[in-house]
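**Q** Those sequence lines, one after another, are chains G and E. Per the numbering used here: the first sequence ends with 490, consecutive numbering throughout. Per the numbering used here: the second sequence ends with 171, consecutive numbering throughout.
It should be emphasised that the hints constitute simulated quantities derived from the structure, not laboratory data. No experiment lies behind these values; they were computed from the predicted model shown. We put the CB at the ideal spot given by N, CA and C, even for glycine. Some hints here could point you the wrong way.
Said to hold, decoys possible - Pair by pair, the computed Cβ-Cβ distance ranges are: (1) Gly146/E x Lys146/G: 52 to 60 angstroms; (2) Asn118/E x Pro299/G: 17 to 25 angstroms; (3) Val296/G x Glu39/E: 46 to 54 angstroms; (4) Thr481/G x Gly148/E: 51 to 59 angstroms.
As the list claims (entries may be wrong) - Calculated cross-link-like contacts (lysine-lysine; reagent style BS3-like; alpha-carbon spacing at most 30 angstroms): (5) Lys477/G x Lys106/E; (6) Lys143/E x Lys351/G; (7) Lys361/G x Lys46/E; (8) Lys170/E x Lys361/G; (9) Lys81/G x Lys56/E; (10) Lys361/G x Lys106/E; (11) Lys372/G x Lys170/E; (12) Lys170/E x Lys477/G; (13) Lys454/G x Lys21/G; (14) Lys48/E x Lys27/G; (15) Lys46/E x Lys351/G; (16) Lys27/G x Lys54/G; (17) Lys372/G x Lys76/E; (18) Lys106/E x Lys351/G; (19) Lys106/E x Lys27/G; (20) Lys266/G x Lys372/G; (21) Lys81/G x Lys170/E; (22) Lys138/E x Lys372/G; (23) Lys81/G x Lys25/G; (24) Lys76/E x Lys361/G; (25) Lys372/G x Lys56/E; (26) Lys81/G x Lys27/G; (27) Lys477/G x Lys454/G.
If you want the building blocks of each chain, they are given just below.
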Amino acid sequence: MMYVTDGWGSVYAIDVSAGTKGAIKWKFDPGIDRAWAGDVACCGVNNRGVALWKDKVISIALDGRMFAINKATGEKVWERKIADPTLGETITMAPLVVRDLAIVGPAGGEFGIRGFIDATDLNTGQQAWRTYTIPGAGEPGNDTWKDGADHWKHGGAPVWETATYDPETDTIYQGIGNAGADWDPQYRPGDNKWAASVLALNPANGAIKWGFQYTPNDPFDFDEISEHPVIDAKVNGKDRKLVVHAARNGFFYALDRTNGAFVGGKQYVDKLNWTTGLDPETGLPANYDPKAGVQVYTPGTHGMRGEPLANICPSHFGAKNWEPTAYNPTLNTLYIPSVEGCDGLETVAQKDFADQGGTVKPRERFSGGSFKMTGRLYGSLKAIDPTTGDIKAAVRLDFPNYAGALATAGNLVFLGQADGTFTAYDAKTLQQAWSFSVGTGINAPAVSYSVNGKQYIAVLAGSRQSPFVMQNDPSLKYSSTTSMLFVFGL
Amino acid sequence: MHVRFARKYPAVLALVAALCAITIGPVHAQSAEETRTIEHGKDIFKIKATCQFCHKWDASGDQGYGGNALSLRQTKLTPAQVAETVKCGRPGTGMPFHDQFAYTDKRCYGVTRTDLGNDVPPEPNAFLNSDEIDAVVKYVFAKVVGRGPSTYEECVEFWGADTRECEPMKQ
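Only chain E is shown next, with the shape it has when bound in the complex:
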């Protein structure tokens, strides 16, 4: 299905490839407001949009009943590209769009629902507004992207300490 997507939308993939070359900005101290935004983003990732159902709690990607979901830990996408993917989904795959009005006009990849036919991404569990998309992207880049394999400490941070969920990672 990826081949078909590339054939039909070469411009989109070219753009993705070009943007992949841009590196992420320098790390800086987190303000209280940024911390709150990241917490909000975690809630969206975990509960409202249920991103973790398919991508797993550590965003390392998975298969099965969540579809073949990609790893965000290893992604080369920029924050803007991840935001676009959350907003518009990925045509031809199971990644849903979260902008309620995606594909009603040409805001996503320059195409409409009619243009995409059967390749329209699925609808999400919950639509997200632009602030929510911003928060979930900030969460993903603060806690997940480029981090390598997840750790016990990250697991406890995600699930809390009052569960056995992280025990298998305790070595």
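Here chain G stands alone, though its shape is the one from the complex:
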């Protein structure tokens, strides 16, 4: 049985045992108030999948609810409200199940939320713990918000992609999103922890073991929510336990997953203009100034009040957004699907929230400016050595990639594109081995599974691109949307 979702959080149980067609056995519709939840989804109606736990499917809906569903019948057993669209919070990520807990967090970095990571006890449907991604008053890191006006309470740091669990260290690694207001860093002087970071947490109680911040005082909207694979590898002859990340800011990072120490990093995106590199000791941007409240990265790459216009490479969408990398352990190669190119930013001084003496109400956008396309973006698939960041092979794609990769043991890498092209590449050379057009956009990574010893590759298709993606790729507006599962036999 395969369980898939659509953007509005309906779950479909599909019997794939026949091998020739899928038969939908049940559908669970959470019954979302679409206008209410959809109006505070910054970037489209998204749902990134479900988790399985015992005899239940654990799913989420955009309006902030989690559901436990009887996996045989599709009947709801319980639901719990976790995030609140009243505050601009939504949930788009697949839950991470660790033992008897399901872990999620809210999107809403463009709506002045305060992000958190939340665990639900699956036995009871009640909250087990909640850890805010922005430390509260008196907690370590709260002093990295130096505005003196409690702007941390609306500082963003959302969570919208599934964390990684490492059973060996019993740790979850959760990527954290952008600081708010996105493009007005003068609104929030200081490093703004733990926005644009990774947090290592104890799954039993949510305690933070360590954190590593990729872009302090982020003025670009460089969410680092995307996946953090754990890899054991030799680095300079030593066995290292790594957690790695192809960051939205354009660098690949390898960290020691036991303590967060920086092991190495390297630019993987074609064009990067906001800094000259990474400090080899700390991994911080080379032009980071620890004494500065408001960071001035390469002038002209981010807006400032008085000089609001900027041009940023990689674009603010990031060198890699949410779309996951894939890892081939036999070849020790990580495959990064990327978004290449630049775009413009414009800073607009952010007004305060109503609860802090201003005029901005909950559910209103809180982004301190905007962005503007300045040229067409394109995509890449890059094969890198995750211990060095060295690029072993690369292929240029017509479209920026918002789908994500799948690596198989048969040494293929599968990748979909926004125009419906679904391609298998040779894992060593990235030469095309096979390609098929499904005729409608692919915004999801493929999965591999087997039935009765036969291997299949499945991918969901039919996405509608967001208006701002279509601005960049106007031909996509002619494609039709649908909700379709394609399965290929090897």
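Chain E: place on chain G using the hints.
**A** Below, chain E alone, put in the same frame as chain G:
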């Protein structure tokens, strides 16, 4: 970017400024056909052209992932000028053009794609024909322009009554 636009296309801005002085015509009773046109315009605003993604449902303007979109509630533009903006977009900004053949000739502001270079407005979600542009302009002037801050009743009229969307406005 507005300064750059003014420098490059002073004639366009002068025309806009001149037309701003013309006032909107007197209010009259709405015919059934006009009501249908306004409903059609609302569908275009809400769904087909997704104007509300950037301008918000009440057309009060916004920033963020929709770009820095202007308020239509406060606009001083005439219907003809709004129609031209929908048709041609605004060079140098994120406001898209909706006439499929804009900038292939000089129908928009007397300039072509080549003349504008990087300042060509983005392409839209959906192209609109002249009847559709007329409908969306009629909708905007019937429901939005000159109305002041939006109300709970307007919100319910836009989204319907079967949603919590308008609850925060209920006071």
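**Q** Each hint: holds or not?
**A** Tested hints:
For the hinted restraint 52 to 60 angstroms between Gly146/E and Lys146/G, the CB-CB distance of approximately 43 angstroms leaves it violated. Checking the proposed 17 to 25 angstroms range against Asn118/E and Pro299/G shows it holds: the Cβ atoms sit about 21 angstroms from each other. A hinted range of 46 to 54 angstroms for the beta carbons of Val296/G and Glu39/E is consistent with their spacing of about 51 angstroms. In this structure, Thr481/G and Gly148/E break the distance hint of 51 to 59 angstroms, their C-beta atoms being roughly 37 angstroms apart.
For a cut-off of 30 angstroms, the pair hint linking Lys477/G to Lys106/E stands: about 24 angstroms separates their Cα positions. Under the criterion of a C-alpha separation no larger than 30 angstroms, the hint pairing Lys143/E with Lys351/G is consistent with the structure, at around 27 angstroms. Distance check on the hinted pair: Lys361/G and Lys46/E sit about 22 angstroms apart at the alpha-carbon level, within 30 angstroms; holds. Taken as a hint, the Lys170/E and Lys361/G pair is honoured in the structure, with Cα atoms around 14 angstroms apart against an allowance of 30 angstroms.
Distance check on the hinted pair: Lys81/G and Lys56/E sit about 27 angstroms apart at the alpha-carbon level, within 30 angstroms; holds. Between Lys361/G and Lys106/E, the direct Cα distance comes to roughly 43 angstroms. Violation of the 30 angstroms bound is thereby established for this hinted pair. A C-alpha spacing of about 35 angstroms is found between Lys372/G and Lys170/E, which places the hinted pair above 30 angstroms, so the restraint is violated. Of the pairs offered as hints, the one joining Lys170/E and Lys477/G is violated, with about 37 angstroms between alpha carbons and a cut-off of 30 angstroms exceeded.
For the hint pairing Lys454/G with Lys21/G, the CA-to-CA distance comes to about 14 angstroms; that is within 30 angstroms, so the pair holds. This hinted pair checks out: Lys48/E and Lys27/G have alpha carbons roughly 29 angstroms apart, not beyond 30 angstroms. Between the alpha carbons of Lys46/E and Lys351/G the distance comes to roughly 27 angstroms, so the proposed pair stays at or under 30 angstroms and holds. A threshold of 30 angstroms between alpha carbons decides the hint, and for Lys27/G with Lys54/G the separation of about 19 angstroms falls inside it, so the pair holds.
Only pairs whose Cα atoms come within 30 angstroms are accepted, and Lys372/G paired with Lys76/E is accepted, the gap being roughly 25 angstroms. Taking the CA atoms of Lys106/E and Lys351/G, the gap is near 40 angstroms; set against the 30 angstroms cutoff, the hint is violated. With a CA separation close to 53 angstroms, the supplied pair Lys106/E and Lys27/G exceeds the 30 angstroms bound. Between Lys266/G and Lys372/G, the direct Cα distance comes to roughly 27 angstroms. Compliance with the 30 angstroms bound is thereby established for this hinted pair.
A distance of roughly 23 angstroms separates the Cα atoms of Lys81/G and Lys170/E; the hinted pair therefore holds under the 30 angstroms criterion. Proposed proximity of Lys138/E and Lys372/G is supported: the alpha carbons are some 28 angstroms apart, at most 30 angstroms. Using a Cα cut-off of 30 angstroms, the hinted pair Lys81/G and Lys25/G holds, with the two alpha carbons roughly 27 angstroms apart. Of the supplied pair hints, the one linking Lys76/E and Lys361/G holds, its CA atoms being roughly 26 angstroms apart against a limit of 30 angstroms.
For the suggested pair Lys372/G and Lys56/E, the alpha carbons sit about 18 angstroms apart, so the restraint of at most 30 angstroms is met. Of the supplied pair hints, the one linking Lys81/G and Lys27/G holds, its CA atoms being roughly 21 angstroms apart against a limit of 30 angstroms. A threshold of 30 angstroms between alpha carbons decides the hint, and for Lys477/G with Lys454/G the separation of about 37 angstroms lies outside it, so the pair is violated.
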